[in-house]
Amino acid sequence: MEQLPSLPASDEEIVKNTLTDPNQYGLLMERYEAKLKRYVTRLGIRNTDDQLDVLQEIFIKAYRNLNGFDTSLSFSSWIYRIAHNEAISFYRKKNVRPEGHLVGDGDEILGFLASSQEGEEVKFDKVINADEVNRALEHLDEKYREPIILRFFEHKEYDEISDILEIPIGSVGTLLHRGKKQLANVLNKDILRI
Amino acid sequence: MDEQTTVSCKDRVMNRIECEHICPRSKTFFKTRECAVWGLWGLSVVIGALAVAVTLFVVAHRQYALYEATHDNFFTFMVDVLPYLWIIMFALMVGVAVYNLRHTKGGYRYPLWKIFGSSMVLSLAGGTGLHLLGMGYTVDHGLGMMGIYPSEEKKEMRMWQNPDDGRLLGKVSALPLPPEAPGIVTFTDVSGKDWKVDVSDLAPHELDLLANEENVRLIGVMTEGDMLFHSCGAFPWLLDKPVRREDLEAARVAFEDKIHGYEERLEEKMPQLRGFDDEEGETEELKDDDSPCATIAPVKRMRRGEE
Numbered sequence: 000m001e002q003l004p005s006l007p008a009s010d011e012e013i014v015k016n017t018l019t020d021p022n023q024y025g026l027l028m029e030r031y032e033a034k035l036k037r038y039v040t041r042l043g044i045r046n047t048d049d050q051l052d053v054l055q056e057i058f059i060k061a062y063r064n065l066n067g068f069d070t071s072l073s074f075s076s077w078i079y080r081i082a083h084n085e086a087i088s089f090y091r092k093k094n095v096r097p098e099g100h101l102v103g104d105g106d107e108i109l110g111f112l113a114s115s116q117e118g119e120e121v122k123f124d125k126v127i128n129a130d131e132v133n134r135a136l137e138h139l140d141e142k143y144r145e146p147i148i149l150r151f152f153e154h155k156e157y158d159e160i161s162d163i164l165e166i167p168i169g170s171v172g173t174l175l176h177r178g179k180k181q182l183a184n185v186l187n188k189d190i191l192r193i
Numbered sequence: 000m001d002e003q004t005t006v007s008c009k010d011r012v013m014n015r016i017e018c019e020h021i022c023p024r025s026k027t028f029f030k031t032r033e034c035a036v037w038g039l040w041g042l043s044v045v046i047g048a049l050a051v052a053v054t055l056f057v058v059a060h061r062q063y064a065l066y067e068a069t070h071d072n073f074f075t076f077m078v079d080v081l082p083y084l085w086i087i088m089f090a091l092m093v094g095v096a097v098y099n100l101r102h103t104k105g106g107y108r109y110p111l112w113k114i115f116g117s118s119m120v121l122s123l124a125g126g127t128g129l130h131l132l133g134m135g136y137t138v139d140h141g142l143g144m145m146g147i148y149p150s151e152e153k154k155e156m157r158m159w160q161n162p163d164d165g166r167l168l169g170k171v172s173a174l175p176l177p178p179e180a181p182g183i184v185t186f187t188d189v190s191g192k193d194w195k196v197d198v199s200d201l202a203p204h205e206l207d208l209l210a211n212e213e214n215v216r217l218i219g220v221m222t223e224g225d226m227l228f229h230s231c232g233a234f235p236w237l238l239d240k241p242v243r244r245e246d247l248e249a250a251r252v253a254f255e256d257k258i259h260g261y262e263e264r265l266e267e268k269m270p271q272l273r274g275f276d277d278e279e280g281e282t283e284e285l286k287d288d289d290s291p292c293a294t295i296a297p298v299k300r301m302r303r304g305e306e
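For the record, the sequence lines run as chains A and B.
Numbering follows numbering that gives the first Met the number 0, in which position 35 of the first sequence is assigned residue number 34; successive positions increment by one, without gaps.
Numbering follows numbering that gives the first Met the number 0, in which position 283 of the second sequence is assigned residue number 282; successive positions increment by one, without gaps.
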């Protein structure tokens, strides 16, 4: 009889195992290092050393608080929340502002702008490049920037964004709607016709 | 290059965990923290409820029925009697409750208005319940006894213990009081000072009130030197008793009847007052009248209010 291939352990199972065997934590780090590195970069931490420091702090903090992991959330949302808080702490400690927002490549940006969510219909007259969106994101209000990044560049669902940013789901929708509107205004009006 | 960074980060974290002996915090730590947040929320709701209870107690027991006896008009009366400390305390506690609820594990999922509304409704409902159980008075009175807090009871006492303004609070010290010809009685105010009080203008039910050995509020005027007080009305001291709306309405009717009676006396004297249009003139003229009650401050205030 043919044996079914065993499914990889879920994040939550690894968390449980880590509490008895700390070496298991390495598995979680392998799963999330790249994602979180990209996320903190998108949040504006561009210097490689700073990124490494912040990443380390995220993983150490997550490890220390493993017993406080709320099982009603996904591990992904929980660790993204820690990353979000660490990024804020980093800016506070360094007393600096985010250094621009490297949001992603052209495809991601095109996908985002072409999305017709919340009834926003965005059509293109010309090709838009990543630089323009990055510049527009820099001009976006702080409160709209992170929901936009999480939704359209980290591809998180509303409830996940709610858990990461610790805001009600209704507010996530509002922030995204307003953020998109503001972004459309900020983007060169010659490029976009909404 | 990215691969190298990833590996390096993982190794660094694992090394730090090992070298610095970093361990996950215990479950008890998180449970305790969550309990503390909920506990603080509960405490703020309870304190908020007590603030509401005291506020309701003050609002219910303030003597609206007799406001002309102490204040020029209803507005100044309300400004003076509102328990600002407790209203501020209630607002503060709602704020603390909202903050704590937001900081519970799932608190962020609820919209602010729901958190705010639930904390406020709980405090208001709890406060109403506590007030009905008499906790408003107990808290106010208890804190007042400690001496660090000016209780509403003390404030009300101060308001009524003001003989120069025609108000006296206390009880008759010489009993029994002859009901037919009461004349002048000895009255001990709440500060322990004895007064000679002329009770000839009081109605029989007011004399009964004086006779029952409880604190009584008198309105009147000081005459013939320092220690003779001519009483024009006697009203029960209600702050330490449950007050029903009907009691307050009855008190208002009694007060109005009393004052209108004195007003009529004043009207009867009006022909004598021709040529004296101003209030001072009236007062001067009527000082020679048998009873000075027609010119006491509440009469003037009520006349002004009716005009």
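It should be emphasised that the hints constitute simulated quantities derived from the structure, not laboratory data.
Note that the structure is a prediction, hence the values are computed from the model and not measured.
Each residue gets a CB set at the ideal place from its N, CA and C atoms; glycine is no exception.
Worth double-checking, as some hints may not be accurate.
Stated by the list, open to error - Coverage of chain A stretches by chain B, computed from C-beta distances (three or more under 8 Å per stretch; other residues unrestricted):
hint : region
1    : 21-35
2    : 74-88
3    : 146-154
4    : 168-174
Stated by the list, open to error - Keeping only pairs whose Cα atoms sit at most 27 Å apart, straight-line, the calculated BS3-like set for lysine-lysine is:
hint : chain 1 : residue 1 : chain 2 : residue 2
5    : A       : Lys-34    : B       : Lys-9
6    : B       : Lys-104   : A       : Lys-60
7    : B       : Lys-30    : A       : Lys-60
8    : B       : Lys-9     : A       : Lys-15
9    : B       : Lys-153   : B       : Lys-192
10   : B       : Lys-154   : B       : Lys-170
11   : A       : Lys-34    : B       : Lys-104
12   : A       : Lys-142   : B       : Lys-153
13   : A       : Lys-60    : B       : Lys-9
14   : A       : Lys-92    : B       : Lys-104
15   : A       : Lys-142   : B       : Lys-113
16   : B       : Lys-195   : B       : Lys-170
17   : A       : Lys-60    : A       : Lys-15
18   : B       : Lys-104   : A       : Lys-15
Said to hold, decoys possible - So the derived label-pair ranges between C-beta atoms look like this:
hint : chain 1 : residue 1 : chain 2 : residue 2 : range
19   : B       : Leu-131   : A       : Gln-23    : 52 to 60 Å
20   : A       : Asp-49    : B       : Gly-128   : 19 to 27 Å
21   : B       : Asp-164   : A       : Glu-165   : 41 to 49 Å
22   : A       : Asn-16    : B       : Gly-128   : 48 to 56 Å
23   : A       : Ser-88    : B       : Arg-243   : 54 to 62 Å
24   : B       : Leu-142   : A       : Gln-23    : 55 to 63 Å
25   : A       : Asn-16    : B       : Ser-7     : 19 to 27 Å
26   : A       : Lys-34    : B       : Leu-142   : 21 to 29 Å
27   : B       : Leu-39    : A       : Gln-23    : 48 to 56 Å
28   : A       : Arg-134   : B       : Glu-33    : 37 to 45 Å
29   : B       : Ser-117   : A       : Glu-165   : 30 to 38 Å
30   : A       : Asn-64    : B       : Ser-117   : 48 to 56 Å
31   : B       : Gly-116   : A       : Ala-8     : 39 to 47 Å
Results for each hint:
{"no.": "1", "hint": "21-35", "verdict": "holds (count 8)"}
{"no.": "2", "hint": "74-88", "verdict": "violated (count 0)"}
{"no.": "3", "hint": "146-154", "verdict": "violated (count 0)"}
{"no.": "4", "hint": "168-174", "verdict": "holds (count 3)"}
{"no.": "5", "hint": "Lys-34/A x Lys-9/B", "verdict": "holds (13 Å)"}
{"no.": "6", "hint": "Lys-104/B x Lys-60/A", "verdict": "holds (17 Å)"}
{"no.": "7", "hint": "Lys-30/B x Lys-60/A", "verdict": "holds (18 Å)"}
{"no.": "8", "hint": "Lys-9/B x Lys-15/A", "verdict": "holds (19 Å)"}
{"no.": "9", "hint": "Lys-153/B x Lys-192/B", "verdict": "holds (17 Å)"}
{"no.": "10", "hint": "Lys-154/B x Lys-170/B", "verdict": "holds (18 Å)"}
{"no.": "11", "hint": "Lys-34/A x Lys-104/B", "verdict": "holds (25 Å)"}
{"no.": "12", "hint": "Lys-142/A x Lys-153/B", "verdict": "violated (51 Å)"}
{"no.": "13", "hint": "Lys-60/A x Lys-9/B", "verdict": "holds (14 Å)"}
{"no.": "14", "hint": "Lys-92/A x Lys-104/B", "verdict": "holds (26 Å)"}
{"no.": "15", "hint": "Lys-142/A x Lys-113/B", "verdict": "holds (22 Å)"}
{"no.": "16", "hint": "Lys-195/B x Lys-170/B", "verdict": "holds (12 Å)"}
{"no.": "17", "hint": "Lys-60/A x Lys-15/A", "verdict": "holds (16 Å)"}
{"no.": "18", "hint": "Lys-104/B x Lys-15/A", "verdict": "holds (20 Å)"}
{"no.": "19", "hint": "Leu-131/B x Gln-23/A: 52 to 60 Å", "verdict": "holds (58 Å)"}
{"no.": "20", "hint": "Asp-49/A x Gly-128/B: 19 to 27 Å", "verdict": "violated (55 Å)"}
{"no.": "21", "hint": "Asp-164/B x Glu-165/A: 41 to 49 Å", "verdict": "violated (58 Å)"}
{"no.": "22", "hint": "Asn-16/A x Gly-128/B: 48 to 56 Å", "verdict": "holds (50 Å)"}
{"no.": "23", "hint": "Ser-88/A x Arg-243/B: 54 to 62 Å", "verdict": "holds (59 Å)"}
{"no.": "24", "hint": "Leu-142/B x Gln-23/A: 55 to 63 Å", "verdict": "holds (57 Å)"}
{"no.": "25", "hint": "Asn-16/A x Ser-7/B: 19 to 27 Å", "verdict": "holds (24 Å)"}
{"no.": "26", "hint": "Lys-34/A x Leu-142/B: 21 to 29 Å", "verdict": "violated (57 Å)"}
{"no.": "27", "hint": "Leu-39/B x Gln-23/A: 48 to 56 Å", "verdict": "violated (36 Å)"}
{"no.": "28", "hint": "Arg-134/A x Glu-33/B: 37 to 45 Å", "verdict": "holds (43 Å)"}
{"no.": "29", "hint": "Ser-117/B x Glu-165/A: 30 to 38 Å", "verdict": "violated (18 Å)"}
{"no.": "30", "hint": "Asn-64/A x Ser-117/B: 48 to 56 Å", "verdict": "violated (28 Å)"}
{"no.": "31", "hint": "Gly-116/B x Ala-8/A: 39 to 47 Å", "verdict": "holds (43 Å)"}
Hint compliance for this structure: hints 2, 3, 12, 20, 21, 26, 27, 29 and 30 are not met, and every other hint is.
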